[in-house]
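Chains as they are written, first to last, in our numbering: chain A, 1 to 112; chain B, 1001 to 1113.
Under 10 Å between C-beta atoms, here's a sample of chain B residues computed to sit facing chain A:
id	residue
1	Y1031
2	F1091
3	C1092
4	G1097
5	E1101
6	E1106
7	G1107
When the alpha-carbon atoms are kept at most 25 Å apart in a straight line, the in silico DMTMM-like pairs for lysine to aspartate or glutamate are as follows:
id	chain 1	residue 1	chain 2	residue 2
8	B	K1068	A	E42
9	B	K1024	A	E42
10	A	K60	B	E1106
11	B	K1078	A	E42
12	A	K60	B	E1101
13	A	K77	B	E1101
14	A	K56	B	E1101
15	A	K60	A	E42
16	A	K68	B	E1101
17	A	K52	B	E1101
18	B	K1068	B	D1056
19	B	K1068	B	D1030
20	A	K60	A	E8
21	B	K1078	B	E1014
Some chain A residues close to chain B (C-beta under 8 Å, calculated; not the full set):
id	residue
22	E42
23	G43
24	L44
25	L46
26	F89
27	Q98
28	N99
29	F100
30	F102
31	P104
32	G105
Note that these hints are calculated values from the structure, not bench results. Idealized CB from N, CA, C, for every residue including glycine.
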Amino acid sequence: GDSVTQMEGPVTLSEEAFLTINCTYTATGYPSLFWYVQYPGEGLQLLLKATKADDKGSNKGFEATYRKETTSFHLEKGSVQVSDSAVYFCALSVNYGQNFVFGPGTRLSVLP
Amino acid sequence: DAGVIQSPRHEVTEMGQEVTLRCKPISGHDYLFWYRQTMMRGLELLIYFNNNVPIDDSGMPEDRFSAKMPNASFSTLKIQPSEPRDSAVYFCASSSGRPGELFFGEGSRLTVL
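Please model the entire structure based on the sequences and the hints provided.
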């Protein structure tokens, strides 16, 4: 079946550090890939997405590139801020369907 | 737009009691999802609707759980009887059908004692 694997958290960084959160996937069809973010006490919000191979999604300084050859969609940010502290979820949906598969989430803490 | 609205935000109840969680999706969205989030199991899809019709309820844990969507602007998730292992945050989300663009509510935190 379809699945998403993320790096184990928590991840703790100092402000202005470089961030990478790894995500790999297994899918039977042709997936679209997403990163969602959950701030404390809130629901998940779409951060960025990519719908085909080699697409790069970007938003708020975060980027992720759809790598079909390595089945990966790693999230990166060049300089994190305290306000980026949250839980980040990698997700996929197959064939533009509505059945989303979420990874377990990676908690990021950014210290001043 | 007010976003997805869930109620109650917090619910504390005793084992055996009935619990009803409510959701109002974003107007014009024709997909509605119920998710459950726990530390142990992460985010789990319970059920989703399209145009008020349940499409996939394979994630509903057992017969104690039921969900309805009587119209396009309202859905309920009911647990009867509730058990301590049902303690979790329950999220409702809606979508217009565009791939990946789920809009989540703020969740209902349920504690069953």
